[in-house]
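Chains as they are written, first to last, in my numbering: chain A, 1 to 113; chain Z, 1 to 113.
Read the hints as simulated data drawn from the structure, not as lab findings. One or more of the hints may lead you astray.
Covered stretches of chain Z (chain A as the covering partner; in silico rule of three or more C-beta atoms under 8 Å from a C-beta of chain A) [stated by the list, open to error]:
1) 11 to 20
2) 24 to 37
3) 53 to 64
4) 100 to 113
Even for Gly, the Cβ is constructed at its ideal location relative to N, Cα and C.
2 protein chains.
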Amino acid sequence: MKRQVFDCQPGCPVESTLQIISGKWKSVILYHLLQEKVCHFGSLQRQLVNCSRRMLALQLKKLEQDQIIEKITYQDQPFKTEYRLTLQGQTLKPVILAMAVWGEKYNRLQKNK
Amino acid sequence: MKRQVFDCQPGCPVESTLQIISGKWKSVILYHLLQEKVCHFGSLQRQLVNCSRRMLALQLKKLEQDQIIEKITYQDQPFKTEYRLTLQGQTLKPVILAMAVWGEKYNRLQKNK
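With the rest of the complex left out, here is chain A (with noise of 0.2 Å):
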């Protein structure tokens, strides 16, 4: 999946942002693992309860190329998969918390509209 850097002026580096958390339910899913550090994929599953099987499973393999998170895999029984955030998913944290602030606020204004 190729990357671009975005750089060629000033605020383009926000596109280089763009480009990695964008992408229907992959900033819920950097929430919550965010938020509770280490989650299974069935845990993700039910927490996530308007995304499809497929859809996670998508999103979780575009976020493990772009090394945001890291899956580990136990092979003793049952078989166990578990996600968690690489050191460069956990410097995301201002940006997804600052936009989990402002999305909050965007969602009460239009509930009073």
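Position chain Z relative to chain A; hints supplied.
Structure of chain Z alone, referenced to chain A:
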């Protein structure tokens, strides 16, 4: 332009924010408006060198519809149009700046690979 309220569960408000700032060049436009307070269409166009006139006009229109920016038109000659952030648009500052900081680090990492 129908906007959604994403609040079915924790983390969803991040998606509410993404729907507003996602879209080619939007976050770069917001970055410039945060830095320069007021921008003419022409100055934005000069600064966003790889952005077509049509794309710039489209993204400005969407930001205006979302009440993130406002457009001021001066009838005197020569005809002049200015853009600035609304109060709600200004509250995006922590989000855009956090994304710019993260994007700059990401760009440096990618170039050193």
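**Report entry** Unmet hints by their number, sorted upward, for this structure
**Finding:** 3
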